[in-house]
Amino acid sequence: MDIEKKKLLDMYRMMVRIRLFEEQMARDFADGKIPGFLHLSVGQEANAAGVCANLREDDIITTNHRGHGHVIAKGGNGYSLAPLVAEIYGKGTGLNKGKAGSQHLSDLDIGVLVAEGIQGTPLTLAVGAALSAKLKDTDQVAVAFIGDGTLNTGRFHEGMNMASAWKLPLICYCENNIYAETTSIYESTNLTDLTSRAAAFGVPGVAVDGNDVMAVYEATAEAVARARRGDGVTFIEGRTCRHRGHFEGDAQTYRTRKERDECLKRDPIPRFRARLIEMGAFTERGSDSIHRAALKEVAAAVKFALESPEPPPEEVLTDVYA
Amino acid sequence: MKEITYLKAINEAIDEEMARDPGVIVMGQDVRKWGAPLGVFKDLYEKYGERVLDTGISETAMVGAAAGSAATGLRPIVHIMFGEFLGVCMSDIRCALTKTRYMTGGKTKFPATIMTYTGAGRSAAGEHSACPYGVMMATPGLKIVAPATPYDAKGLTKAAIREDNPVLVFYHVGLILSRDTGLIPEEEYIVPIGQAAIKREGSDVTVVAIGLMVHRALAAADRLQKEGISLEVVDPRTLAPLDKPTIIESLRKTGRLVIMDEEPKTESASSEIAAIIAEEAFDYLDAPIKRVCAPDTPIPFSQALEREWMPDEADLIRAVKELVS
Chain A
1 MDIEKKKLLD MYRMMVRIRL FEEQMARDFA DGKIPGFLHL SVGQEANAAG VCANLREDDI
61 ITTNHRGHGH VIAKGGNGYS LAPLVAEIYG KGTGLNKGKA GSQHLSDLDI GVLVAEGIQG
121 TPLTLAVGAA LSAKLKDTDQ VAVAFIGDGT LNTGRFHEGM NMASAWKLPL ICYCENNIYA
181 ETTSIYESTN LTDLTSRAAA FGVPGVAVDG NDVMAVYEAT AEAVARARRG DGVTFIEGRT
241 CRHRGHFEGD AQTYRTRKER DECLKRDPIP RFRARLIEMG AFTERGSDSI HRAALKEVAA
301 AVKFALESPE PPPEEVLTDV YA
Chain Y
1 MKEITYLKAI NEAIDEEMAR DPGVIVMGQD VRKWGAPLGV FKDLYEKYGE RVLDTGISET
61 AMVGAAAGSA ATGLRPIVHI MFGEFLGVCM SDIRCALTKT RYMTGGKTKF PATIMTYTGA
121 GRSAAGEHSA CPYGVMMATP GLKIVAPATP YDAKGLTKAA IREDNPVLVF YHVGLILSRD
181 TGLIPEEEYI VPIGQAAIKR EGSDVTVVAI GLMVHRALAA ADRLQKEGIS LEVVDPRTLA
241 PLDKPTIIES LRKTGRLVIM DEEPKTESAS SEIAAIIAEE AFDYLDAPIK RVCAPDTPIP
301 FSQALEREWM PDEADLIRAV KELVS
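Protein chains in written order, with our numbering: chain A, 1 to 322; chain Y, 1 to 325.
Chain Y extracted, bound-state conformation (with noise of 0.2 angstroms):
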């Protein structure tokens, strides 16, 4: 095993598949000299050359040229900087890189990546700092990981570079900045697409955490398990498809939900767990879901709105003592 950065993790990733697979590529802004901001990309220029294509600012052309080369033979990966910058190339992700394998028959594969940075908690206000799990959820055809730990980050981009069909990776700018570090294999490992990990095994409270908030409700546990309360922190990894069963195994052990989700309420990924705990496995509840979200407003710039705009222990500690009096 050896210890490693989140940030490191994704680069090694990338590294590792780009030297397996010739076809693999990488389109973004800045990628070359830079590795992309925050540099998943870093020194990948120097070790393979015109694989690694500066695009400029051009989203649409970058996600119908990775359809377009996934269906001819490469295995493009796509840096979208931004979670709110996937809206700028939205039709061309929903339609040209995901339906059309459905619309050619089966035909058609499209092997393609597309990377984002998404989250709170940098003073990068209302455009750089979203989430948007929700909205991209509702797009058959496409695969989410959000990975929450060096160990996932480093498994998930190698399963999402291998997959046959589109995914979308969102990684947490505040685990990339992050100095912490997670252990890791040092021989080569895949994390599976669509198996969520149970994080921390607990029996009062099920908590449903994504990305970052991962690492919230595991600091909200430690917390509460002083007073008595036991959280069981359920990881879902994947997105989507999403790991039904290991969530509903998870509820029907604590009788509990809680789903913290850093995005506004409305149509989150935390609406769509709800959702599916309601229709599928009602019958283990013994109280009613919580969910532990941002409000529906943009991000906020101060870091004294921001602070209060994002989810945080204190939140889901309210929300599960809610639960449990």
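Same shape as in the complex, but just chain A (with noise of 0.2 angstroms):
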């Protein structure tokens, strides 16, 4: 597949601003600044770029407790980030007026229809938008944004044996990193391969390289064109792996030296950039200007959180019901 210049450089910014949305929040965690807690999504970035670049505006994603950078690769790289840090501040100023956190961004006007954190749900969610989207004869697709984890969940099959047998608008992408939280799926599943699982819903079962951004596009944009067809489901796995802990503060006791240094040296950004370079698509200079206007962008962020006031007092009891 061709992929045309300008996305592949979209799709680079895309990732860099994550990578360096994350790290600032880290930093900021570190510091004390972020209440509850963090879960990053450094290493995996390629992911939610290569997904996210093949959607419309309009076409919904659900993402889990991991979803910084699928919010900000469905907004696209216009996305303002301000709103998206007041929030995991817990300010006022908040996307979600600071009652979602880190863990519950949400942002139906570019199709992030919630980011949930008891597992399994933004399939099942996922579903039910790839219904609307159905029922209503649109031609939208939904992706859900689950883990390897999901995928022991009663939700996970109900949710995938629901989709198919209404051969729904759905694709399914599980970043396959090898652990939820702590466990590693050699230890919770039989069967590690996890594309396997797609055959017992009668779906096709890919496996892509997770940090390889190209081929993680190619799969997507497959999917997507068979779910706007009205062919059905596919499930997508992104095989990936995490720089950081489970959340911030984990020791990652439970991996070897090893293993961590291996999943360093796949790192999607400069993998990507190399092959950029090597292609002619930009220069070592040209990468480096979008790298500093992402930090310029991400401090712009972070002072605007900084500045914005606490909720007020009386924001506890708005939004229960409509």
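Bear in mind the hints are in silico, worked out from the structure with no lab data behind them. There's no promise every hint is true.
Straight-line Cα separation of at most 16 angstroms, EDC-like style, residue types lysine to aspartate or glutamate; simulated pairs [stated by the list, open to error]:
#1 K136/A <-> E50/Y
#2 K321/Y <-> E249/Y
#3 K290/Y <-> E272/Y
#4 K107/Y <-> E307/A
#5 K136/A <-> D21/Y
#6 K167/A <-> D54/Y
#7 K42/Y <-> D15/Y
Two chains, two frames, some hints: make the complex.
If you want it as structure tokens, here you go:
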């Protein structure tokens, strides 16, 4: 597949923005500026960028506790990071008025239905969004971003079965980063080729290198086309890995040094950068300017969040009912 | 006015709302050809086709899909067959469907209706008989109704479907299977969510009764009337949000309160109503609050045991007499 140059550069910019955003959140969390807990997607950016580069604004995604990157990618490179940071800071100017935090971000205006912290619900909610698209006869698709741990939930089975029985325009995108919190898939399942699960629902199961954004893009393009045609569900496994722990502060004693080093070597950003330079899509200087612009953007977003007021106390009682 | 059964009233309400709004869909087990057990969705598949969806046994996916489709422009009705099955999809109801609006900062609404059958009295034993009102009332953002008459069944079902928030509707199996009819208007009407009804006026004791218990309270009121004791029967109709003013106003008049609730007593709807009265209307009480509930046990199968388990007129009459003696 030939991916046009603009698309390639957009995906690179997106990965860099997500990376620098996440690294900034890590520092801010360590500095005690962020309440609660924080799950970062550093190292997994190619999945968010490669999938969402195929989607329209009116397509719907759902995501999970590790969802910052998916929200940013769905919003596109023009999407402001300021309300996102403010939400993660718990400020009144946050995307969700400080009622969601890092783990429950949503913005239906850009097609982000919600981030759910109870595993499996991102999938079943996306089934509902795909059902809406089918019954209203739009050609929208829905994408559920789930992790490898979700495959052991009942919701995964129920959601995939229902979506395939009803032939819904759904892509179940599983970022397999090996670990559900601290438990590796080699301990929690006897079937570590996750795509083999797709056969149980009679849908295609595709594995891609989740650290190769072009491979992610291509696999998703095919799945999206299939969904828009009315041919139903695709399951994609993006094989990736976490640079950081399950949450910030996780000492990762359950991982070997060797395994973590191997993961760092697979870093999707330098890999894509080298490829783009080789393809002549940009020069080293061109790539540096993308980094500088993203740094500036993240810094401005953090400044906005820092200067934003806390939500007023009366906000406790609003938004319970429509 | 026309005569109608409780079951037909529910079916008519769903039919009318599906005709009125093409966004209303039904998801449930056996809904297409059977209209679900007991038949609340009877003949709707023939009329509305793909808007009536057989789901298979997948409660968590049903509720998740209801939340996802409600957020994106549909108005789903989900049929969770029996009240105890709500536990299968409890976090899906409490979190995905109900809390999410708050967590979006009020940006997204979730207009979904969950319908379920409740109630003992049919020898359905421990898993198909419960009225889990109290446990569901502890769900901020969820509205809950429990109609006791054909009039309320139709009016509250229509209100639930039109509501922009998640609503849980408890239909009592004993009422669905009853051949008794009630009067409803020929023309369209709604029973607003959040309004209790005085089902019988009286002066000595207020009885707050829910679902099938409303009928047992009314029967007890007839018997006690002959002995010169006058019961006022209040049907909350909506359990969340409760119509506190109507209950408190009735108590102000009678000074005595019995709550009749077909649930094990602990953490039941009666617990919450009693707590509200103790907190907000203590000065109107001339005697302690009495609760006529089921014992804190699973629901037994044997007809003899189940009769013993269910609160009945005799239990209520005993409680009332203790209050007025």
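Cross-check of the supplied hints:
Annotation: proposed proximity of K136/A to E50/Y holds, straight-line Cα distance about 11 angstroms (limit 16 angstroms). Distance hint between K321/Y and E249/Y is unfulfilled; the C-alpha atoms sit about 22 angstroms from each other, more than 16 angstroms. For a cut-off of 16 angstroms, the pair hint linking K290/Y to E272/Y stands: about 13 angstroms separates their Cα positions. Taking the CA atoms of K107/Y and E307/A, the gap is about 23 angstroms. The hint is violated against a cut of 16 angstroms.
Distance restraint check for K136/A and D21/Y: the Cα-Cα separation of roughly 13 angstroms lies within the 16 angstroms cut-off, and the hinted pair is therefore satisfied. Straight-line distance between C-alpha atoms of K167/A and D54/Y comes to about 14 angstroms, which keeps the hinted pair within the 16 angstroms bound. Restraint check: the Cα-Cα separation between K42/Y and D15/Y comes to about 9 angstroms, which is no more than 16 angstroms; the hinted pair holds.
Hint compliance for this structure: hints 2 and 4 are broken, all remaining hints hold.
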